[in-house]
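Undergrad: Sequence:
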Amino acid sequence: MASSNRLSLCATAVASAFVASGAGSVWGAEPFPLRPVRLIVPFSPGGATDGPARIFSLEMSRLLGQQMVVENRPGAGSVVGAEIAARSPPDGHTLFMISNTHFVSAAIHRKLPYDPIADFTAITGMTAAQNVLVVHPSLGAKTVSELIALAKKRPGAIDWASSGNGGTQHLTGALFASMAGVKMMHVPYRGSAPAMADLVAGQVGVGFPGIAGVLGFVNSGKLRALGVTSTRRSPLLPNVPTIAEAGVPGFDLLQWFGVSGPRAIPEPIVALLHKQSLRAVAAPDTAAALAAAGQEPFTHASPAAFLAFMKQDAPRWAKLARESGATID
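Numbering (the numbering used here), first residue to last: 1 to 329.
A couple of the hints might just be wrong.
Once the Cα atoms are required to be at most 25 Å apart in a straight line, the calculated DSS-like pairs of lysine-lysine come out as [said to hold, decoys possible]:
hint : residue 1 : residue 2
1    : K275      : K311
2    : K275      : K142
3    : K319      : K183
4    : K111      : K275
5    : K153      : K142
6    : K183      : K153
7    : K152      : K183
In case anyone wonders, no lab produced these hints; they're calculated from the structure.
Bear in mind that the values here come from a model prediction, so they are computed numbers and not experimental data.
Make a model of the complete structure from these sequences and hints.
TA: Here is the structure:
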């Protein structure tokens, strides 16, 4: 009996150690995670989704007591990475960096190998980011109203760049043109870098990139920022108005990122991942790095709250995608 008591005390101590280190005892005495956790990013390294994922994964590695490894699986919008995540074992060791683009891809693919809601486990939103309407100085427009007037005077003559068909930059530009009542020529690129290069060179006149990636060009005068895409100004560009206040009332578009996984991850693991995700985003070093990258916290009080948000937000992005005429490259 004494031996049995000692074994019980030992097991309790081991379980407590796992909890203290960030791991949790989710199946009796078996801890989680048992091995490194992979976070699938359905886009190439260096993009708008990859940056926050890597910042987040550093702090999550510390909190979980196992390394969180970012795995880039680009292709077909976000479909390739999403399918890999959806078909992974639902044990919490494979997570998926979900975003509004997940629902754009669902809208412009005739047949998906997964259900964009039902085949995934919601954990929490993570961050959100604004884009910014920028122009090359040679275009001559110094305000949103001036750009609209110029575009109406020269319908179809002004080119605008995006990082690719169906991406957030594309949908932002399409929504702007629709709400402003102008016609501009969309020039899709294969990624943000070539789009930005041609924009800075003046090969195209207008773009809607993420704020963090364009700050240097705006501050140096190589590009001119006319308006940010949300309903509030960005702390990174405090003197730049929102597009809504600068000439297009009601304009509001915010790109968001979150954490999910394959369907049917056990509830105790989901609860642990949710708790540690919120702690990771709030950690001072992580919060500072995310803010410098143009990201702001976008967490949810529970996995159920995040799921409810996605169900509400998905139709909006699907509608934008269909109206834009977006296709997958």
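Undergrad: Evaluate each hint against the coordinates.
TA: These are the hints, each one checked on the structure:
| no. | hint | result |
| --- | --- | --- |
| 1 | K275 / K311 | 22 Å, holds |
| 2 | K275 / K142 | 45 Å, violated |
| 3 | K319 / K183 | 19 Å, holds |
| 4 | K111 / K275 | 35 Å, violated |
| 5 | K153 / K142 | 16 Å, holds |
| 6 | K183 / K153 | 10 Å, holds |
| 7 | K152 / K183 | 7 Å, holds |
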